[in-house]
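Chemist: Chains V and H supply the protein sequences, listed in that same order. Here the first sequence is numbered in my numbering, starting from 1 and rising by one per residue. Here the second sequence is numbered in my numbering, starting from 113 and rising by one per residue.
Hints were generated in silico from the structure; no laboratory data involved. There could be a bad hint or two in this list.
Cut-off 30 Å, straight-line C-alpha distance, at most; resulting in silico cross-link-like pairs (DSBU-like, lysine-lysine) [as the list claims (entries may be wrong)]:
hint, chain 1, residue 1, chain 2, residue 2
1, V, K21, V, K90
2, H, K146, V, K85
3, H, K146, V, K9
4, V, K17, V, K2
5, V, K17, V, K90
6, V, K21, V, K85
Residues on chain V that point at chain H, a partial pick, calculated with CB under 8 Å [to be verified]:
hint, residue
7, D15
8, F36
9, Y46
10, G48
11, V53
12, V56
13, R101
Here are the simulated distance ranges between beta carbons [what the hints assert, rightly or not]:
hint, chain 1, residue 1, chain 2, residue 2, range
14, V, F36, H, G423, 26 to 36 Å
15, V, T83, H, R144, 29 to 39 Å
16, H, Q417, V, D54, 32 to 42 Å
17, V, T83, H, S145, 44 to 54 Å
18, H, D506, V, D97, 36 to 46 Å
19, H, M499, V, F36, 38 to 48 Å
Virtual Cβ for every residue (Gly too), placed ideally from N, Cα, C.
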Amino acid sequence: MKLITAVVKPFKLDDVKAALKDHGVHGMTVVEAQGFGRQRGHTEVYRGAEYEVDFVPKARIEVLAEDDDVRAIVDTIVNAARTDKIGDGKVWITPVDAVTRIRTGEMGSDAI
Amino acid sequence: MDSGNTAWVLAATALVLFMTPGLAFFYGGMLRSKNVLGMLMQNFFSMGLVSVLWVLVTFSLAFGDGGKWIGDFHFAGLSTIGNVKTVLPGYAGDFALTIPAIVFCGYQMMFAVITPALITGAIADRMKFAAWAVFLCLWAILVYAPIAHWVFSPTGWLFKRGALDFAGGTVVHINAGIAALMCIIVLGRRRGWPREPMLPHNLPFTLLGTGILWFGWFGFNAGSALGANALAGQALMNTNLAAAAAMLGWLITERIKDGHATTLGAASGAVAGLVAITPCAGFVGGISPIVIGLIAGSVCFLAIQLKFRFGYDDSLDVVAVHMVGGIIGSLLLGLFADRAINSLGADGVFFGGGSDLLIDQLVAVGSTLLYSGVVSFILIKGIDLVMGARITADQEDEGLDKSQHAESAYA
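Pulled out of the complex, with its shape left as it was, chain H reads as follows:
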C-alpha cells in the first residue's frame, strides 16, 4: 500500500462524484424551465440508487472472479473488501494495486454512478420517473457490470485481448451513448419535435456544468492512473489539452457553417474532447491529445446533424457527443498510442505498432455497441410493455417538474 497513491485516488473519487451534479446542470440548462428539476432528479437519483446497488452486487459482478465474461458474488455486500490484505482478481504483477481494495471500489463506484446518468440527456422531457428508476437498476447490473468486467478487470476478455481503455471510452461513453439511442428509439420523439423550438432556458447553468465536468474529469482520467505519479500527470495534461482543442475545433466548424461561435458550442466542444480523450488519457503524449481533441470537436459537431437526417429525437445530443466521441477516442487510440508514455500500453499505427491495437480497439468498440445496444433495447422495450416508459401527452405539456415530482424549479 502507498499512502500517496491512496490519497490521490481518494481525492479523485470526490472529483468524479462531483461530475454527476455537473452533468445535471450541463443538461438542465439546455432544457425548458418546466423540465429542469426532472433532469436534476434523474441524475441525483443515480447517485442514490447506483451507489447502493454497487455495494450490494454490481461491484462484485464487475470486478469479481467469475471468468472472462462477468464477475461473481464473492464481494457482494462489500464482503472482504474492507480487509487491506484483500487482492482483487487479476490485479497482480504489473497490475498490482498500491491502494486498498475499499478505495478502488469507492473510486469505481463513481464511474458506475455517472455512466447511466449520461443517458438522461437523450431521454429528456418524456420518461416516467418510475420507469427511469427501474431502467437504471437493471441497466447498472445487466449492462454496466459485464462491460466494466470485460474492459477494466484484468480477468475480462477485452482486457486480456489487449484492447486499451484508460478511463472508460467504451465502458462509459460508448456504452451510455448506444443505450441512449435505444431508449429514444423506444420512447419516440418529444411532442412537437423538431417543428417546435425547444430552446435552452439557462445557458449559464450549462457553462457552469461544463466547468464542473472539466474540473471533475481530472479525477476521472488522472485518477485512473491509480497512483500519484508521472502517468497521472500525463493523463491530466492530455485531458486539459483535448478539451481545449476540441472546444476550438467545434467553434471553428460552427463559425464556418453557421456564422457564429456560440457559448453552447464552446461547452459542447469541451465535453466532446473530454469524452474522446478518456480512453487515451494514459496512453498518448506530445501533441496527440490536441489532434484527438480537434478531430473530436469538429466531428461531434457534424454528427449532431444525424438526428435530423434519421429523425430520432436525441434531445441533448448524447449520441453525437458520447457515442460518437467515445468511438473517435477509442479508435484514434489505435493510431496514437505510445508505449514510451505507458509501458503497460501498446504502440499504435503511428508509433510503429502496426494495426494490432487498432483491430483490438475495433473489437472492443463493436462488442460494446452490440452488447449494450441489444440488452439496453430489451430492457427499455420490456419496461415500456410492462409499466409504460413514457409520460402522457398532458404530463409532457405540463413538464416533468410538476407531473413527476409535484414541484416547480422557479417560483
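Extracted from the complex, chain V is given alone in its bound form:
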C-alpha cells in the first residue's frame, strides 16, 4: 500500500477530486496548506510599501492506494491539476505499513 500526497493549486482541487472519483477512488483527505517551491511567493503593496509574501495558498490532498493502482492515480492527479504554469505543485508517494478502518477493524487492502 502507498500514500499518495499531492500539493496542488486550490482552484484545481475540484477538478482533481472529480477526476479521482471517476477513476474509482473511494476517499481522500484534503488540507488547506501554504508553501512555496520554484514559484516563490509574491509581492503585495500596502500604502506604498512593498512586502514579499513567501507562502502561497495550496491544497494538500492525501489518497491511500493499492500498489498496482498507484501509477494510474498519480497520472489522474497530474492530468487534472496541470495548468502548464509555474506553481502547479507536486505529487509524491510514500510506503504505508498498515491501514485499519476504525469502524470495522478491517485491515490492509480491505480498509482502503
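Knowing the structure of chain V, use the given hints to seat chain H on it.
Modeler: Positioned in the frame of chain V, the structure of chain H alone reads:
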C-alpha cells in the same frame, strides 16, 4: 431656540458618534487578526471614558468662562446646562446659538470622544490597555480641553485672533496627529518592524469603516454649522467633494508610483480628504474643495514615506493622514477662504484677503503642534516611567486580544 436647527444638530450628534466605531473598523481591518479586538476596544473605550469625563469636567474646561487659555469649572457635572436659558460664554451676537446648551454640549462630546481615538492607529499592537486608559483620561482633560477652548470657544485666544477652524482641523486632527507621533516615539517600534510584513487581515472591514466615517463626517462638518441652513449644505457638499477628489489624488499618485490602484489606497485617500476639508468645510466654496482634496490625497500618500525615512513605526499612518492632512487643510484655508460663503469667516490669499488669515492659520497650527506635542510627550513619558506603557515581548507575540482582554476575535 430653533427647532429645525436643534433637530439637525441632534441628528448630527448621532452621526459623529457613529464615526468612532467606523474608525475602529477602518483601523482594525488593517491589523493582524491577533490585535483586532485590542484596537476595537481602545476605540469603544473612548466612547465610555471620554463621555463620562466630558460631563464631569472636560466640557466646562473647554467651553466655560475662564479667559482665553482655558475654561473653568462652572459647568462641571452639567451644572445649569439643562436650563434652556443658559448662554455659553462668548456665544452672543453673531455667534449666538439657536440650539439649547445641552444639545451643543452633547454634539461637542462626540468630537471629544473621537479625537483621542484617532491616536490608536499609531500605537497599534503594543500599548498596555491600562496605560491607554490612563493616557486617555489625562489627555482628554489636559490637552483636548485647552485646545478646544482656544479654537472653538469664542472666548479662546486663537478664535479671537481670527484663526478659522470650522470643524476641527487643529483641535481634532493636528492635535491627535502630533500626540500620536509623541506616543510612538516613547513606545518604540513594534517587534519586527519594518523587516517583517504586518499585513492587513481584513481590508473589507477597512472599506466598511471608511464608508461609516464618510457617512458620519457629514454630521461632523455639516453639523458644525449648528443649524439646518445653507451653510450646512455648503459644508456637506465640500465634505463629499474633498473626499472624492482626495481618493482620486491618492489613487493616481499610487498608480504612477507603485503600479496599482489599491482598495486600501481608495479608503486612505478618502479619509485624507475628509481630514483636510474639516477646517475648511464652512468657509470655502466652488471647486476649492476639489483642489484641497486632490492636494491632500497625493501629499498624504507621499507623507507615508516619512516613517521609513525617520524610522518611527506609525503603524496605520495617523501622522501622515491626520497630522499632515490637518496641516494641509488648515493652511490651504488661508488661501481658499471666501467670505461670500460665510460672512463670519474671512477672505484668503486667493480671494483678495491678503496674507492675514494665512498668518493666523500658521499661528494656530504652530501653537497646536507645540502645546499638544509637549504635553502629550510628558504624559506618555510619565505613564511609561510610572506603570510601563508597553506590553512585554511575549504579550506582543501573543497579540493584544489574548494578552490584554483574554479573548479571540475569530473562533
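Chemist: Would the stated hint for V56/V survive a check requiring a Cβ distance to chain H of less than 8 Å?
Modeler: violated (14 Å)
Chemist: Tell me if the interface restraint on D15/V is satisfied: Cβ within less than 8 Å of some Cβ in chain H.
Modeler: violated (28 Å)
Chemist: CA of K17/V to CA of K2/V, is that 30 Å or under?
Modeler: holds (18 Å)
Chemist: Taking 29 to 39 Å as the hint, is the beta-carbon distance of T83/V and R144/H inside that range?
Modeler: holds (31 Å)
Chemist: Given the hinted pair K21/V and K90/V, is their Cα-Cα distance within 30 Å?
Modeler: holds (20 Å)
Chemist: With a cut-off of 8 Å on the beta carbons, see whether R101/V makes it to chain H.
Modeler: violated (32 Å)
Chemist: Given the range 26 to 36 Å, decide if the beta-carbon distance of F36/V to G423/H lies inside it.
Modeler: Distance hint for F36/V, G423/H holds at roughly 30 Å.
Chemist: Checking hints one by one. Is V53/V an interface residue toward chain H, by the C-beta closer than 8 Å rule?
Modeler: The hint holds - V53/V has a Cβ within 8 Å of chain H, the shortest such distance being about 7 Å.
Chemist: At the C-beta level, are M499/H and F36/V separated by a distance inside 38 to 48 Å?
Modeler: holds (44 Å)
Chemist: K146/H and K85/V: Cα distance at most 30 Å?
Modeler: Since the Cα atoms of K146/H and K85/V sit roughly 35 Å apart, the hinted pair is violated (cutoff 30 Å).
Chemist: CB of T83/V to CB of S145/H, is that within 44 to 54 Å?
Modeler: violated (31 Å)
Chemist: Close enough to count: is the Cβ of Y46/V nearer than 8 Å to one in chain H?
Modeler: Hint on Y46/V: holds, closest Cβ of chain H at ~6 Å, below 8 Å.
Checked against the numbered hints above, the structure violates hints 2, 7, 8, 12, 13, 16 and 17; every other hint is satisfied.
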